[in-house]
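Residue numbers (the working numbering), protein chains in the order written: chain A, 35 to 115; chain B, 2 to 241.
The set of hints was computed from the structure by calculation and includes no laboratory data.
Please note: incorrect hints may appear among the correct ones.
[As the list claims (entries may be wrong)] Derived contacts from chain A toward chain B, CB cut-off under 8 Å, selection only:
hint : residue
1    : L71
2    : L74
3    : L77
4    : S79
5    : I88
6    : A89
7    : I91
8    : A92
9    : N93
10   : I94
11   : K96
Note that the Cβ used here is the ideal one computed from N, Cα and C, for glycine as well.
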Amino acid sequence: MKTTDEVILTIESALELEKGSLSMDTSMGSIEQWDSLGHLSILSSLDILFDGLIAPIANISKAQSVNEILDILIENKLIEK
Amino acid sequence: MEKFKFNLTNTAIDLYLFDGIFKPTGTTKLLVDSVISNCNGVVNKKILDLGSGCGVVAISLNKEGLSENIFYASDLNENTVECVMYNANKNNCKVNVKKGSLFEPWYQEKFDLIIDDISGVSSEIAEISGWFDGVPCASGVGGDILTNTFLEDSVNYLNTGGLVFFPVISFSNVKSILSTAEKTFDIVECVGRSEFMLPESMHSSIDILEKLKEAGYINFQNKFGTIIWYTEIYKAYNKT
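Use the sequences and the hints to build the structure in full.
Spelled out as structure tokens, the structure:
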């Protein structure tokens, strides 16, 4: 099972941010890189990290922050709480 | 008049939109980036921005150093000439701009580089998207009519060794457009691609999108609980 740290690193990499740039509270629109294109880049990168298990999740595109993404991954049993 | 910033690789330019002029989208940004990365050998030559809107492509290419020469631009819109001239002056760019449909304003002219940024989405999507607020979109239900005409005519306006760049949007009949391109040019290469999420404002029209997809007019993927569509940029030319 993947870890929270791996997910955050993947989000940072998708947004071309340095390691440690994001906090749990960082949300879409709060940083320049996290616009709609950045959001799609995050989802696509997570889909690669989780071997295609993200694409079928119906509410993941609506997640607006790091916290909300992690919550959805926990709900779908892809990471541990 | 609306002012907006258009981001380039290392800078941003200020542009102004006059009434009824199309506001540049992610497709325009991808088009500009793809031309800059793939226009080898066409620096400082004769460049035409067709479907120029506010002049964003020509002015961006000038700012990115692609050419210090005069640019050529045209669009169907009534306010095009005034709007492009205004933006070109603000950005110290030399431009010859004309009003007219497709190549109509450029009778007997030849160019080294022609960039197509004319309407290329299904007219039904143009209606529901809000992208064409007050701007005409006569591209047909398959979104391919104008682009196919552009491709067929473009060879008559290209100098030997000239290049054409054009966007293909999955909200149009991609097969039809690429088939026309391949019949018209020896080489057709995809040089850029970007995926986009369906804007929230279009979610109420998903049934229309599904019907258009089923009829073969458009294409998209259902992923992440939304619709993912794409734009690809193609470079086309003939062997010399």
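Failing hints, ascending? 4
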